[in-house]
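Please put together the full structure from these sequences, using the hints given.
Residue-level listing of the chains:
2 protein chains.
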Amino acid sequence: MKLLFKHCDILAADGEGYRWIQDGYLGIDGDTIDYIGSGKPAAPYDREKDMKDRLLCPGLVNCHGHTAMTLLRGVGSDLPLQEWLFEKMMPIEDRFTAHDIQVGNALALLEMISTGTTSYSDMYFETATAVENAVAAGIKANLCRPSQCFDPQETYAQNQRAKESIQLFKDCNGLADGRILIDFAIHAEYTNSPHIVEAYSADCKALGGRMHIHLSETKKEHEECIAKYGKTPAQWFRDLGTFESPAFAAHCVFVTEEDLAILREKGVSVVHNPTSNMKLGSGFAPIPHMLELGLNVALGTDGAASNNNLDMMEEMHLAAVLHNGFTHDPTLMKPAQVLTMATRSGARLQGRSDTGSLDVGKKADIIAIDLTRPHLFPNIAPLALMTYSAQGSDVAMTMVDGRVLYENGEFLTLDADKILHDARACVKRLYA
Amino acid sequence: MKLLFKHCDILAADGEGYRWIQDGYLGIDGDTIDYIGSGKPAAPYDREKDMKDRLLCPGLVNCHGHTAMTLLRGVGSDLPLQEWLFEKMMPIEDRFTAHDIQVGNALALLEMISTGTTSYSDMYFETATAVENAVAAGIKANLCRPSQCFDPQETYAQNQRAKESIQLFKDCNGLADGRILIDFAIHAEYTNSPHIVEAYSADCKALGGRMHIHLSETKKEHEECIAKYGKTPAQWFRDLGTFESPAFAAHCVFVTEEDLAILREKGVSVVHNPTSNMKLGSGFAPIPHMLELGLNVALGTDGAASNNNLDMMEEMHLAAVLHNGFTHDPTLMKPAQVLTMATRSGARLQGRSDTGSLDVGKKADIIAIDLTRPHLFPNIAPLALMTYSAQGSDVAMTMVDGRVLYENGEFLTLDADKILHDARACVKRLYA
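Residue numbers (this note's numbering), protein chains in the order written: chain P, 268 to 699; chain V, 268 to 699.
Since the hints were derived computationally from the structure, they do not count as laboratory data. We put the beta carbon where it would ideally sit given N, CA and C, even for glycine. Please note that the accuracy of each hint is not assured.
Claimed, not checked - Sample of chain P residues at the chain V side, in silico, Cβ under 7 Å:
1. Val588
2. His642
3. Ala651
Written as structure tokens, this is what we have:
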């Protein structure tokens with residue numbers, strides 16, 4: 268099927284930057300973009316679709332989250348961290364069944380797809396349920412079963428989590444025409460033992476995997492690692508071989524100049540989670556400096572329990588303004604940089620070189636912004652509009668690999684009523 | 268007309284806090300709330316309206332902005348401040364006619380009303396056009412014609428701006444059943460002369476007016492005032508009598524402990540504009556400390572040129588998370604405090620003691636949040652939902668003084684198509 272979008276504005280790729288096409292055309296052949304331009308293409312298309320008053324942008328890539336935690340949205344928001352975590356969140360999370368996790372993930376998919384996310388990276392358990400959901404939904408997903416180890420006596424052979432993780436990789440990596448990728452993952456330094464991390468990292472490298480970790484999210488984590496091992500978390504992971512595979516690290520709030528040099532040398536991508544870092548009081552990741560150093564920095568929402576939504580538009584907005592305020596420099600973060608973090612850099616982080624921007628030959632992972640909204644007028648600077656003015660609900664269409672998943676409030680691949688019905692039942696039981 | 272909302276959730280007033288009523292009733296007699304409760308009221312109502320899956324909240328009060336600047340949305344977003352202001356913004360703003368200002372304000376009203384703002388405070392010129400728009404729209408508005416003086420030789424009698432401001436107060440204060448209030452306003456210390464400020468402040472006091480000012484928004488402004496006058500802007504205004512009237516000060520990013528003591532002693536309200544302060548690199552207003560001191564702190568969007576939208580939900584979100592991040596304390600800002608800033612404290616600042624919360628006897632200034640959205644589930648903590656999870660587009664209904672201004676995407680008092688049509692014509696001419 269060849270589909271032609273006509274009369275649309277387009278934020279097309281222009282090298283590493285963007286080219287604004289007004290009243291243009293974007294052609295799709297199957298799952299791939301085959302035309303972008305101001306004039307109508309000569310080649311015939313099976314179907315033409317009028318996209319007047321729509322701005323086509325690359326789909327958003329949410330690079331860090333814990334989707335099933337949607338079911339914990341709003342729990343104990345007023346409480347101190349330890350009380351919130353140990354007395355409120357964990358007791359409920361401990362009751363999560365695989366079914367709860369699947370429903371919580373499905374609820375997250377509704378939210379992500381309707382706010383323009385076309386691909387996401389997740390870290391949670393019962394991962395097979397997320398694979399099943401993503402295949403059905405048509406979204407792209409980098410999923411993992413994170414490795415953890417709380418018993419220092421446990422051998423690598425005894426570590427069930429690592430085994431499950433590797434089996435999942437063998438079973439599911441590349442499913443659904445590559446829309447499903449399985450990552451390796453180490454939850455964090457403070458939830459692991461060095462010998463497990465070292466052996467698991469070696470397996471990741473041997474199998475050609477990609478590694479998802481939490482890194483230096485809080486001052487406490489960073490300083491306790493130094494006290495325990497005499498090195499920073501970044502040094503610890505490097506020394507255990509974790510960065511010998513393509514890797515990405517969520518948060519990186521407390522990183523030293525030497526840590527940044529390690530991330531740069533090893534090509535480790537960073538996921539910035541601005542709302543989570545603010546809400547949980549973690550602090551300001553040195554994102555502008557990372558960008559200056561040439562690190563690949565992507566964006567994520569983190570879980571709904573610490574955000575409390577999964578809206579990448581909100582993360583773009585926050586990433587665009589926060590660092591200006593922190594450094595007293597209004598020109599520090601540019602709209603183009605922020606959109607790149609939310610799209611191209613995310614795709615790069617996920618190992619998806621065939622998407623992340625609107626260009627001929629790239630996969631048709633596209634969102635359409637409804638330009639008729641009063642807060643999106645005037646449309647004289649579409650990059651600023653996307654980063655500062657737009658909200659998640661301005662997404663009028665979400666397309667992945669040429670397939671429309673969401674349009675004008677309707678989900679085409681998911682049964683929203685059923686998911687909300689199931690979620691109500693889960694919550695009723697979990698909070699009883 | 269007596270109207271009864273039934274089967275709705277309600278964030279009702281409970282002293283200075285909130286009481287969450289589920290599946291309850293809210294009755295309205297004309298423009299006033301006459302019943303709130305879990306059970307159906309005994310008294311008859313002319314009309315009952317099913318509000319299942321709706322959360323009724325007090326209408327949002329946007330306490331600082333420059334509405335006509337919607338027409339400048341996105342201009343020069345990438346540029347350094349001086350270049351942005353002097354080379355991009357001001358040349359276009361200089362071309363603004365009264366018609367442009369009226370259309371820009373109307374565009375702002377569409378955005379504000381559809382995202383839950385029921386009352387706003389504005390600082391701009393050609394203020395009669397904003398009065399006309401607000402009367403037609405049915406929104407509440409505290410409007411002003413700010414005083415400025417760029418010629419130190421000018422006498423108070425020669426200052427046309429002050430004259431216009433006072434005439435406007437005499438002509439329009441209290442119009443439309445008090446929905447229109449006219450404030451006095453001094454743009455800022457750095458755009459005025461002391462003798463004008465002193466005389467104008469005395470007139471404000473004599474006439475029983477309310478005063479809207481910018482205060483210590485940037486470090487430059489704060490420090491240059493000290494260099495020029497040997498006192499901070501807060502001290503300068505105090506010494507010139509500006510705080511002898513009920514007053515409110517936008518920004519207050521750079522305020523000393525002594526400045527805060529002045530604001531407290533004089534009962535000056537503060538308007539926090541978190542997005543603007545971040546985007547323009549101004550910095551972090553010490554909001555948690557102000558709240559601790561008992562200052563009345565409200566919220567504002569500032570103008571669309573420095574935000575770039577007028578979405579109070581976004582400001583609540585930012586106000587709720589920013590200060591936690593800045594101080595590394597995840598429990599610093601509470602959802603209830605943030606909602607109060609956006610509602611009750613705003614009403615107090617505007618001099619509207621008859622609104623700002625949902626309580627019997629208060630004006631029916633009410634918004635309804637659509638709880639069927641996936642990102643608003645589960646609804647176990649409605650205050651957290653409002654501050655962290657909700658977005659502007661979740662507003663399903665906006666009511667002012669018992670009159671519905673907006674419902675399910677439709678404007679009942681404004682012609683959105685005509686406003687957007689007019690705005691297109693203005694922009695075409697302004698940017699030619």
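* Hint status (Cβ of Val588 of chain P to nearest Cβ of chain V, threshold 7 Å) -> 4 Å, holds
* Let me know if the C-beta of His642 of chain P comes in closer than 7 Å to any C-beta of chain V, holds or violated. => Holds - the Cβ of His642 of chain P comes within 7 Å of chain V, reaching about 5 Å at its closest.
* **Restraint satisfaction for Ala651 of chain P [CB to CB of chain V, less than 7 Å]** => 4 Å, holds
Figure legend: structure checked against the earlier numbered hints; every hint is met.
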